[in-house]
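Novice: Given next are the chains, with one letter for each unit.
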Amino acid sequence: MTETQIPTEQRLDIRLSVNGVPHTTTVTPRRLLSDCLRHDLGLTGTHVGCEHGVCGACTVRVDGKPMRACLMFAVSAQGHEITTVEGLAEPDGTMHPVQQAFRECHGLQCGFCTPGFLTVVSAFLEENPTPTEEEAREAVSGNLCRCTGYQNIVKSVLRAAEITEERKGCAHAEGDAR
Amino acid sequence: MTTKMFGAPVQRTEDLRLLVGNGRYLDDLGEGAYEAAFVRSPHARARITGIDVTGALDVDGLIAIYTYEDLAGRVAEPLPLLIPHPALTHGRTAYPLAKEFVNHVGEAVVMVVATDRYLAEDACERITVEYEALPPVVGIENAFRADRLVHDDVPGNCAAHLVQEVGDAPAAIAAAPNRLELKLDIERSACMPMEGRGVYARWDAADESLRVYTSTQTSTGVRAAVAAKLDLPLDRVECVTPDVGGGFGVKIVHPWPEEILIPWAARLLDHEVKWTEDRREHFISAAHERGQLQTVRVGFDDDGRLLGLDVEILHDNGAYTPYGIIVPIITSTQLLGPYKPGAYRVDFRSLYTNTVIVTPYRGAGRPQGVFAMERAMDAIADHLGKDRTEVRAVNFIQPDEMPYDHGLLFQDGRPLIYDSGDFPGSLDALKKLVGWDEFEAYRAQARAEGRRVGIGVACYVEGTGVGPYEGGHVQVETTGKVVVATGLTSQGQGHQTVFAQIVADELGVPIEDVTVTTGDTRRFPYAVGTFASRAAVMSGNAIALAARNVKAKALRIAGEALEADPRDLEIVDGHVRVKGSPGASVALGTVAVLSNPLRYAFDEASKAATQLTGKADFSKPPVAEDDEPGLEGRDYYSPPTATFANGMHAVIVETDPDTAEIRILRYCVVHDCGHLINPMIVEGQVHGGVAQGVGGALYERMEYDEHGQLVNASFMDFLMPYASEVPKIEIDHLETPSPLNPLGIKGAGEAGVIPAAAVFASAIEDAEGFPITRMPIQPSELFHLRKRFAAGEIPALRRGADHAAGTHR
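Protein chains in written order, with the working numbering: chain A, 1 to 178; chain B, 179 to 987.
These aren't lab readings, by the way, just hints derived from the structure by calculation. Predicted model, so just to flag it, every value in this text is computed and none were measured. Among the hints, a few may not be true.
Claimed, not checked - Incomplete in silico selection of chain A near chain B, CB under 8 Å:
| id | residue |
| --- | --- |
| 1 | Ile6 |
| 2 | Arg103 |
| 3 | Cys170 |
| 4 | His172 |
A virtual CB, placed ideally from N, CA and C, is assigned to each residue, including glycine.
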């Protein structure tokens, strides 16, 4: 093969489980998970801000853990459970506490970085359901936002923790009433 | 009674979509479109001697390769110079694809279209461009020295030279009892929206029409530019702005080369084509701002009152001037801030360098202007041994002097006249908020603990709501739902919410019933754009006027139906009713049906309305001569001059005696943008602005090497603040309404960023005891300044000796 000849790219059939839904698609080995989610599966909620793993806009949850979808190949996501921003709300459409909190606290402006923050914060609160303000700030300090100045994002993290607690309280109350 | 929406912290209507992943940003559109990628220049200045594309021809999925030679008609001409100015004697713009010469790293040379972005990039890598590299002009001093020229036919690299004068400043300074001269240097930064630029075009061959989606701050501008360049009638081009992931100025430039090339290719290929910018492209081919060198000469009396101010500015405009000289014009006028300058002379030169173009970035020239003036204020205070706030106060324009005419021309070519403001009131509020008078006690306590702290203050006035106009259209549908359109765009500021708030109040309908469309030429074809903190002022007032027209018409029609005098009617909760007699009412949707004398009962509302037609007067036509069918209204707002918002910031910093790390302890803002439509959104705007200001003051600088290579063109290397770097921001509002517009509002979008570099310089020098004249200031720079100070290369502040005594040892 001379230098100018172009090898035919290998194409692989993969199965991805995204937001609990199985998908099959065909990708090249170099296809980024972010591009596969957005352009092959049509889940455009995950955004790409830098394509080099710094801004966090493309963050999804892989087996529950926040991961940069622009630093992962689609093929390597096979066999893992992926959650994108589209999968955060309840099946009946009830917003995830983090989504509700971001709305209440004006935690977003242009909204482009928001899905990355939502996936990160949803995972964080499962680990630390009662964060201090300092911990809340630390939790979101791997994601860039150019609009909000972060103040309302930090507020949103704290409010999301409250909403989660409130909802638990409601669920308990309903349980007691039964 | 309906709750009043104007002034309430209403949650945003945009958010429901954006939070669940249903936003529609540019790259979310155009499934199945061909995708473009660009071969961009690796040289800052070079002649193109050959382009060989053969290596790319076999790339699987390749559709087309275009170089300058392939461009035809007006697409082959240089891009437009958007805002000509008599002082811009040597305006130069780029070609959409480079013709013979490249003038900065990142300039587009070849466009590749393929079935997929990966393949388009593969093809780009296999294209060989041969260059004869030429020595570049990098840096303002080099540009001014002009040993080499960026454009051979531009002497002195000088695109524009403008002098504005009020009185004889040099004479006033020479005669003043006190004189100072400052040399200042401010950073080159960039907007860096999280979403880069992007364009997607669909050509309809049968209809010979084009629809362009672009991540822009001006849909009407792009539409007109594309129509002109592609030689299409305006009515054959539509421009739609989808959700825009931040703009901050960079997306007001139009047309970007790609905004012409992508639609051009879509028509040529008769297939949808899309381009989504990647981050490196954004760094090297979009736009930057801020870089200036300033010389400030000031004469003042023993109270610190300005007698004469003479400012010379060298402004770096990069390789081309497509957006004119708006930035240095703003710097040169807005640096006056809330002060009376005495005699004033400002002289700027806008200079070419072989770097990315410079166009407005949030604040647009104001941070540099405020830096010049506020550094001067601090220097005067230090010279006289006075409190920094005292010197400011003695120079303030007083509330009873409003409106205040500076005798200069502003960015819009109109007189620089402040409409309103209470600067002494703002300063009092700020001093209380930050605890200005108690700071010396705090400093002493900190010093005792071995800590070094400083406080800074900076004031600004921001021309907002510049004309010439915006329009609004408000229509009540037969369902009672209200659809609103304005031509200007939104890039995350919450326009859909605030405009809905205005309509809800003006029309008396629930806000849930109001939907707002922005930046879609199909819905509203006349507009200017979203920049200069003008959206709320311009479109907000236009929409209010349009809603008032609709209300008047609704009352007239309902008056006929209810057999009541329209003056006795009111609209509450979407129903027109007789005041004091809520029983007699008609739904606004029904009024909409009545407004359109069609006799088809499409739905329940129209069926109900056909029962209400009342007595017909057969001597008149169903639609009167001076009337139109439909319950809708359109209006425009066009102000004589800009509104002027203002504010003051104070910051307390702590500088580490060993590492020179700068820590922000408090950040306080007093902000006056007239009446607040939505305080939650205004505060969000201030927060965001301050964060970008923190970036500009402490972290962000475009680092060019001597070859014109941008060596930090990634998010890894260009440091923007994360949550860990932005302090909690404490805000107090003053509301001095603008007398210029019906809603009494002023813009708020850029305020937060404007005084940030100045306020940090003020605080850091207060902590360190020597003057700070260059921003941004990173720990390493502060560390080196300390060493130079210790070596006697930098003079101490007069007050510095006392302040720093405890900690410098």
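Novice: Confirm or reject each hint.
Specialist: The hints, checked one at a time:
1. For Ile6(A), the interface hint holds, since its Cβ comes within 8 Å of a Cβ in chain B; the closest pair sits about 5 Å apart.
2. The beta carbon of Arg103(A) comes within 5 Å of a beta carbon in chain B, closer than 8 Å, and the hint placing it at the interface holds.
3. The closest approach between the C-beta of Cys170(A) and any C-beta of chain B is roughly 21 Å, which is over the 8 Å cut-off, so the hint fails.
4. Among the interface hints, the one on His172(A) is violated; its C-beta lies about 26 Å from the nearest C-beta in chain B, farther than the 8 Å criterion.
Comparing the model with each numbered hint stated earlier shows that hints 3 and 4 do not hold.
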